[in-house]
Amino acid sequence: QQQVKQSPQSLIVQKGGISIINCAYENTAFDYFPWYQQFPGKGPALLIAIRPDVSEKKEGRFTISFNKSAKQFSLHIMDSQPGDSATYFCAASMEYGNKLVFGAGTILRVKS
Amino acid sequence: KAGVTQTPRYLIKTRGQQVTLSCSPISGHRSVSWYQQTPGQGLQFLFEYFSETQRNKGNFPGRFSGRQFSNSRSEMNVSTLELGDSALYLCASSLVEGDETQYFGPGTRLLVL
Numbered sequence: 001q002q003q004v005k006q007s008p009q010s011l012i013v014q015k016g017g018i019s020i021i022n023c024a025y026e027n028t029a030f031d032y033f034p035w036y037q038q039f040p041g042k043g044p045a046l047l048i049a050i051r052p053d054v055s056e057k058k059e060g061r062f063t064i065s066f067n068k069s070a071k072q073f074s075l076h077i078m079d080s081q082p083g084d085s086a087t088y089f090c091a092a093s094m095e096y097g098n099k100l101v102f103g104a105g106t107i108l109r110v111k112s
Numbered sequence: 113k114a115g116v117t118q119t120p121r122y123l124i125k126t127r128g129q130q131v132t133l134s135c136s137p138i139s140g141h142r143s144v145s146w147y148q149q150t151p152g153q154g155l156q157f158l159f160e161y162f163s164e165t166q167r168n169k170g171n172f173p174g175r176f177s178g179r180q181f182s183n184s185r186s187e188m189n190v191s192t193l194e195l196g197d198s199a200l201y202l203c204a205s206s207l208v209e210g211d212e213t214q215y216f217g218p219g220t221r222l223l224v225l
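Taken in sequence, the protein lines are chains A and B. Position 74 (the first sequence) corresponds to 74 in our numbering; numbering is contiguous. Counting from 1 along the second sequence, just add 112 to a position and that's the residue number in our numbering.
A hint or two may mislead.
Below, simulated DSS-like cross-link-like pairs (lysine-lysine); rule was C-alpha separation at most 25 Å, straight line [unchecked claim]:
1) K42/A x K68/A
2) K111/A x K125/B
3) K5/A x K99/A
4) K68/A x K57/A
5) K15/A x K71/A
6) K58/A x K71/A
7) K71/A x K111/A
8) K169/B x K5/A
9) K99/A x K169/B
Quick caveat, the hints were computed from the structure, so don't treat them as lab data.
Hey, can you work out the whole structure from these sequences and the hints?
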């Protein structure tokens, strides 16, 4: 029940295209769903996060879509750029909890 | 504002040794969490400290321990190192206990030979 399942494992997108990464969870006690971006040799950096009372959140080219009934959420990267090439992790945590449960990660490559 | 800093950045140890890693959170942040990142297991939560007290613990053996000092700086220790402990150890800081917004440091890459 603690798992967060992430897909796909890797993704290749053309410059200007839309990158879509999906995550699913089982534990309905999860209350906070962040996405992190990690470049080689760096720690994960918080991109955007959402709570279950909102179905969509947009920040610049990054959008989270959240489906509470299906227990799924996804990250959309619009107008993908080569600089977006990185590993993306979805995560979840419970209310007032710092224990993040991470998905396995998606390696995104944006071809120019 | 400076980010989370971790020292050392790289470390090579042999089996059976012990190691101590250090983390300085963002100024003003009082909660520190530790994660282990490996290719096989991904990112896994180790423990969280707030006000010098361990608040939460992941599913790791007792060889993994940590502490937090009054200035919020934290250390984690791994005793009797095993080959499988080779990993990137990440520290994350947040403003207060239970604040889900966590900012990660660059990590300490530990190689156990």
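*Which hints from the list above does the structure break, by number from lowest to highest?*
Going through the list in order, the structure violates hints 1, 2, 5 and 7 and respects the others.
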